[in-house]
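When you get a sec, could you build the whole thing from the sequences and use the hints?
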Amino acid sequence: MATTSVVPDYNLPAIPPSTNPDIYNPVPTYGIDYAHLPGTLDPAAIPGSIPGPNPVPVPGQIGSAPIAQAAPSTDFSGVINMLAQNQSTLQATILDVMAEVARRPVVQAAPPALSNPPPRGNTIKLRNARVFNGKHSKVTPFISEIKRLIEFNASSFPDDHTKVLFVGLNLKDGIPIEWFNHLEHSGSSLLWNFNNFLAAFRKKFADPSLITTADQRLDQLKQTGSVHYYLTSFMEIASHLDMTEQTKISRFMKGLKPIVKDALVMVVNRPTTLEEWEPLVISIDTNLHQREVERRIEEKLSGGKKKKEKDGNYNTSNIWPRQLLLSFAPQFETALVAQNS
Numbered sequence: 003m004a005t006t007s008v009v010p011d012y013n014l015p016a017i018p019p020s021t022n023p024d025i026y027n028p029v030p031t032y033g034i035d036y037a038h039l040p041g042t043l044d045p046a047a048i049p050g051s052i053p054g055p056n057p058v059p060v061p062g063q064i065g066s067a068p069i070a071q072a073a074p075s076t077d078f079s080g081v082i083n084m085l086a087q088n089q090s091t092l093q094a095t096i097l098d099v100m101a102e103v104a105r106r107p108v109v110q111a112a113p114p115a116l117s118n119p120p121p122r123g124n125t126i127k128l129r130n131a132r133v134f135n136g137k138h139s140k141v142t143p144f145i146s147e148i149k150r151l152i153e154f155n156a157s158s159f160p161d162d163h164t165k166v167l168f169v170g171l172n173l174k175d176g177i178p179i180e181w182f183n184h185l186e187h188s189g190s191s192l193l194w195n196f197n198n199f200l201a202a203f204r205k206k207f208a209d210p211s212l213i214t215t216a217d218q219r220l221d222q223l224k225q226t227g228s229v230h231y232y233l234t235s236f237m238e239i240a241s242h243l244d245m246t247e248q249t250k251i252s253r254f255m256k257g258l259k260p261i262v263k264d265a266l267v268m269v270v271n272r273p274t275t276l277e278e279w280e281p282l283v284i285s286i287d288t289n290l291h292q293r294e295v296e297r298r299i300e301e302k303l304s305g306g307k308k309k310k311e312k313d314g315n316y317n318t319s320n321i322w323p324r325q326l327l328l329s330f331a332p333q334f335e336t337a338l339v340a341q342n343s
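If you count the sequence shown from 1, position 242 lands on 244 in the working numbering, and the numbers rise without skipping.
Among the hints, a few may not be true.
[What the hints assert, rightly or not] The calculated lysine-lysine pairs, modelled on DSS-like cross-linking and capped at a C-alpha distance of 25 Å, are:
hint	residue 1	residue 2
1	149	174
2	206	140
3	263	250
4	137	149
5	205	174
6	259	224
7	174	224
8	140	174
9	149	224
10	149	206
11	224	256
12	140	250
13	206	137
14	205	224
15	174	206
16	174	137
17	205	137
18	149	205
19	224	140
Simulated from the structure, these hints should not be mistaken for laboratory data.
Quick look at the structure:
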């Protein structure tokens with residue numbers, strides 16, 4: 003007897019097809035061992051295939067109403083086992099790293115960088131400082147040079163005592179070195195304070211009338227060459243005097259050449275410090291010198307000199323061309339416009 007195999011579908015109503023009367027009354031299929039069924043299907047081998055009235059289907063069997071399937075429960079045992087294995091592996095790796103670090107030699111950390119690192123082999127070799135011979139006029143140049151050498155090679159002078167000893171090495175035999183030896187023998191506190199030592203040094207060897215002398219020298223100072231040379235001499239003398247900025251500017255202007263003074267009159271926006279005046283005065287002096295050289299060349303080429311004015315007061319400032327005045331400073335143009343209006 004031929005049979006038809008039908009795959010059970012528990013989600014559909016158990017309505018048998020009308021063309022096969024053999025499965026009008028299906029039997030339960032739960033409990034069947036499909037792996038050990040005989041080669042020829044025998045309906046008698048199916049449990050529950052007993053002739054008689056139709057059994058009442060139970061939930062889950064063919065012919066029963068479909069029921070909602072419960073979601074399968076998640077098995078966390080595998081996940082827990084995997085995490086435990088990973089933790090064990092991580093702990094073993096950490097232990098291996100710690101053992102490797104313990105086997106390595108300890109490396110000393112580099113010392114912190116010094117604020118004043120010692121000089122290297124390729125540093126510039128400084129010349130020896132000048133030797134102080136005890137003259138009044140040499141006090142300021144000697145101290146200035148000592149300060150520059152100490153500042154340039156600061157790593158060799160870590161404290162005030164070293165700086166004071168350096169000064170003592172550059173004192174000439176006689177009164178200077180005898181004075182220094184007296185400080186050492188008496189254990190003077192000046193040997194451990196550089197600023198106080200310099201103050202005592204000035205008091206001992208500087209000109210007692212230094213301020214008066216400097217003031218007189220400043221009154222006598224005049225520009226005879228370039229402004230550069232005049233400015234250097236002025237600043238050296240002025241360092242001994244206590245002057246306000248306006249007094250310093252006034253005394254600086256007083257010693258300039260008349261032709262430079264005349265040019266400075268044309269400046270409208272006048273600086274308020276001597277440092278601001280310096281580039282302007284230097285520019286004017288340079289342009290005047292260049293113009294003087296050009297004028298001499300022009301006179302030589304023309305074969306004669308220009309005639310002086312009838313009153314005899316010949317002043318080159320009165321015959322300056324407009325281009326020369328404007329080359330000194332932009333302020334001159336404003337002054338010329340105001341003068342012509």
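Checked hints:
no., hint, verdict
1, 149 <-> 174, "holds, 18 Å"
2, 206 <-> 140, "holds, 13 Å"
3, 263 <-> 250, "holds, 16 Å"
4, 137 <-> 149, "holds, 19 Å"
5, 205 <-> 174, "holds, 18 Å"
6, 259 <-> 224, "holds, 8 Å"
7, 174 <-> 224, "violated, 34 Å"
8, 140 <-> 174, "holds, 12 Å"
9, 149 <-> 224, "violated, 29 Å"
10, 149 <-> 206, "holds, 18 Å"
11, 224 <-> 256, "holds, 8 Å"
12, 140 <-> 250, "holds, 24 Å"
13, 206 <-> 137, "holds, 11 Å"
14, 205 <-> 224, "violated, 29 Å"
15, 174 <-> 206, "holds, 15 Å"
16, 174 <-> 137, "holds, 11 Å"
17, 205 <-> 137, "holds, 13 Å"
18, 149 <-> 205, "holds, 18 Å"
19, 224 <-> 140, "holds, 22 Å"
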